[in-house]
Amino acid sequence: SAVISQKPSRDICQRGTSLTIQCQVDSQVTMMFWYRQQPGQSLTLIATANQGSEATYESGFVIDKFPISRPNLTFSTLTVSNMSPEDSSIYLCSVSDREHFGSGTRLTVV
Amino acid sequence: QKEVEQNSGPLSVPEGAIASLNCTYSDRGSQSFFWYRQYSGKSPELIMSIYSNGDKEDGRFTAQLNKASQYVSLLIRDSQPSDSATYLCAVGGSQGNLIFGKGTKLSVKP
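Residue numbers (our numbering), protein chains in the order written: chain A, 1 to 110; chain B, 1 to 110.
The hints are simulated quantities; they were obtained by calculation from the structure and are not laboratory data. Treat the hints with care, since some could be wrong.
[What the hints assert, rightly or not] One-sided excerpt, in silico: chain B residues whose CB lies under 10 angstroms from chain A:
| hint | residue |
| --- | --- |
| 1 | Gln1 |
| 2 | Gln6 |
| 3 | Gly9 |
| 4 | Ser32 |
| 5 | Lys42 |
| 6 | Ile50 |
| 7 | Gly54 |
| 8 | Asp58 |
| 9 | Gly59 |
| 10 | Leu65 |
| 11 | Ser69 |
| 12 | Ser73 |
| 13 | Arg77 |
| 14 | Ile99 |
| 15 | Phe100 |
Ideal placement from N, C-alpha and C gives every residue a C-beta, glycine not left out.
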């Protein structure tokens with residue numbers, strides 16, 4: 001079973017800046033997923049990251065705001081760009097076994 | 001747009017009672033269904049998956065699926081205070097992703 005290491009675990013950022021979140025999986029996986037969990041809400045899929053191709057974004061999420069890299073089968077990054085307080089959320093990565101999630105990144109934008 | 005609906009609760013049950021959590025989904029073609037438990041500040045933890053109509057039991061947990069009614073439920077027998085958490089119902093997407101409901105907050109009172 002996959003073990004996913006996600007970092008940073010939390011950060012407080014100034015509006016207008018960017019934060020890059022990293023997820024490292026201990027085995028090769030085809031698909032990785034990035035979710036956002038806004039305060040008091042459930043998880044919403046941001047995008048699907050497939051190695052060797054551009055990420056596929058869900059409605060309401062765009063590449064300029066949430067650029068994703070997937071350089072190999074064990075690693076992915078999500079960048080939250082030009083942040084505003086509305087971006088304050090928990091961001092989680094996951095893999096296609098639907099069992100394992102990263103530990104989450106709690107982002108606060110001030 | 002695939003949707004998953006849950007009562008947000010909170011659902012409060014006494015210790016030792018049965019907690020019943022319900023979920024409906026909009027996509028009749030959905031094939032896989034999941035229940036997660038999420039403690040505050042933590043990542044979701046998979047409790048159970050179910051793919052076929054009927055009941056599936058694992059310890060104190062029973063998942064029930066009725067595809068004709070597009071309905072999934074989770075029963076927790078002999079509820080314990082440690083079961084107090086938010087329970088997320090999710091439907092599997094075609095790419096290995098998940099579509100989550102908003103979650104039901106369960107409180108088990110000693």
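Hint check:
For Gln1 of chain B, the interface hint holds, the least distance from its beta-carbon to any beta-carbon of chain A being 8 angstroms, beneath 10 angstroms. A distance limit of 10 angstroms between C-beta atoms decides the matter here; for Gln6 of chain B the minimum to chain A is near 8 angstroms, and the interface restraint holds. With its C-beta approaching chain A no nearer than about 12 angstroms, Gly9 of chain B sits outside the 10 angstroms limit, and its interface hint is violated. Because the smallest distance between the Cβ of Ser32 of chain B and any Cβ of chain A comes to about 8 angstroms, under 10 angstroms, the interface hint for this residue holds.
Restraint check, Lys42 of chain B versus chain A: the minimum CB separation of about 8 angstroms is within 10 angstroms; hint holds. Annotation: interface hint on Ile50 of chain B violated; nearest CB of chain A at approximately 12 angstroms, more than 10 angstroms. Residue-level restraint check for Gly54 of chain B is violated (minimum Cβ-Cβ distance to chain A is 20 angstroms; threshold 10 angstroms). The beta carbon of Asp58 of chain B is not positioned within 10 angstroms of any beta carbon in chain A (closest approach about 14 angstroms), and the interface hint is therefore violated.
A cut of 10 angstroms between beta carbons decides the hint on Gly59 of chain B: the least distance to chain A is about 17 angstroms, and the hint is violated. Interface restraint check: Leu65 of chain B against chain A, minimum CB-CB distance 16 angstroms, threshold 10 angstroms, status violated. At about 22 angstroms, the closest approach between the beta carbon of Ser69 of chain B and any beta carbon in chain A exceeds 10 angstroms, and the interface hint on this residue is violated. Proximity of Ser73 of chain B to chain A is violated relative to the hint, the smallest CB-CB distance being about 18 angstroms (cut-off 10 angstroms).
For Arg77 of chain B, the suggested interface contact is broken, since its CB lies about 23 angstroms from the closest CB of chain A, more than 10 angstroms. Given the 10 angstroms rule on beta carbons, the hint for Ile99 of chain B holds: about 7 angstroms separates it from the nearest Cβ of chain A. Hint status for Phe100 of chain B: holds, given a least beta-carbon distance of 4 angstroms to chain A, under 10 angstroms.
The structure is inconsistent with the numbered hints 3, 6, 7, 8, 9, 10, 11, 12 and 13, although it conforms to all the rest.
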